[in-house]
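One line per chain: the protein sequences are A and B, in this order.
Note that the first sequence ends on residue 151 in the working numbering; no numbers are left out.
Note that the second sequence ends on residue 145 in the working numbering; no numbers are left out.
No lab work stands behind these hints: they were computed from the structure.
Because the structure is a prediction, the values reported are computed rather than measured.
Be a bit skeptical, because a hint or two may be false.
[Claimed, not checked] Only part of the chain B face toward chain A is listed, based on derived beta-carbon distances under 7 Å:
#, residue
1, S14
2, G59
3, M60
A virtual CB, placed ideally from N, CA and C, is assigned to each residue, including glycine.
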Amino acid sequence: MVYLTRKIEFSASHLYHNPAFSAEENRRVFGKCNNPHGHGHNYVLEVTVAGDPDPRTGMVLDLKELKEILQREVTDRMDHRFLNYEVPELSGQIPTCENIAAVIWRLLEPKITRGALHRVRLYETPDLFVDCYGDGQGVAHGAGKPAGERR
Amino acid sequence: MNLHLTRRYRFSASHRLHSSALDEQENRRIYGKCNNPYGHGHNYVVEVAVSGPVDPATGMIANLGELDAFVHNEVIEPFDHTYLNVQVPEFHDHVPTTENLCIEIFRRLRAFPRARLERVRLEETGLNSFEFRGELPAGSQGTRP
Numbered sequence: 001m002v003y004l005t006r007k008i009e010f011s012a013s014h015l016y017h018n019p020a021f022s023a024e025e026n027r028r029v030f031g032k033c034n035n036p037h038g039h040g041h042n043y044v045l046e047v048t049v050a051g052d053p054d055p056r057t058g059m060v061l062d063l064k065e066l067k068e069i070l071q072r073e074v075t076d077r078m079d080h081r082f083l084n085y086e087v088p089e090l091s092g093q094i095p096t097c098e099n100i101a102a103v104i105w106r107l108l109e110p111k112i113t114r115g116a117l118h119r120v121r122l123y124e125t126p127d128l129f130v131d132c133y134g135d136g137q138g139v140a141h142g143a144g145k146p147a148g149e150r151r
Numbered sequence: 001m002n003l004h005l006t007r008r009y010r011f012s013a014s015h016r017l018h019s020s021a022l023d024e025q026e027n028r029r030i031y032g033k034c035n036n037p038y039g040h041g042h043n044y045v046v047e048v049a050v051s052g053p054v055d056p057a058t059g060m061i062a063n064l065g066e067l068d069a070f071v072h073n074e075v076i077e078p079f080d081h082t083y084l085n086v087q088v089p090e091f092h093d094h095v096p097t098t099e100n101l102c103i104e105i106f107r108r109l110r111a112f113p114r115a116r117l118e119r120v121r122l123e124e125t126g127l128n129s130f131e132f133r134g135e136l137p138a139g140s141q142g143t144r145p
């Protein structure tokens, strides 16, 4: 098994606001991220596909094809957008790094037909990122408490 | 959805690698420059990964302010700008290699009440790093997680 990773960047704005919270509660829970005008990030997305190289081409999948999928599914949807208002897949959700990574997983997973999507890693800043493994166990599992003890 | 949230933190500290189980010559041979009796320092980078269900009300696994405060209180504040061998009690009779430091950081952070601690990754320099996921081999002498 080989793990292949492709990286892209996109820039977008968002704000955190839960209409079920009071104004005071929104400010307390979300802090500066609750600014009603929104704010932005340069997101960095790393997409990892796992598979065995095709013996004829030596490739897990054609990087050009993966690049086109990422352009269509992620960049075209999210780059230079206000995520709360312009990305329907996020509507009704707070566009946190967790939720954006999960949306990107759901968008990409059915499109990767050679190999299998293994991990979506989304950096909001260089010091904050989320790894999404879909419903899989991911590389970091099997350690610590058994699954039954998870909150 | 299996999601891990990772946050990076920094602290600077000095240490000396010297084991009371080894004689002077052996300490010098094994630890080399790191055995310098005056100690030496690093800018450490700590990556802390937590997992758990995403709260639909906040979209978050854990509130970052709470995670930051916990890591700050348990690790950054007690370690930053210290001489680890002397000022961190766990290293009084325990070699503060980055392996052991990584295990000690995991031990301190596993009590974070808001999410499950998955992984601690510690960079000693930009060229070497260590990762601990909570499992020690049986009979290990490492700091107990």
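| query | If you take the shortest Cβ to Cβ gap from G59(B) to chain A, is it below 7 Å? | reply | holds (3 Å)
Given a cut of 7 Å on the nearest C-beta pair, is the interface hint for S14(B) held or broken against chain A? At about 24 Å, which exceeds the 7 Å cut-off, the nearest Cβ of chain A leaves the hint on S14(B) violated.
Against chain A, run the beta carbon of M60(B) and see if the smallest gap drops under 7 Å. Where the cut-off is 7 Å and the nearest Cβ of chain A is about 5 Å from M60(B), the hint holds.
Violated hints amount to a single one, hint 1; each of the other numbered hints is respected by the structure.
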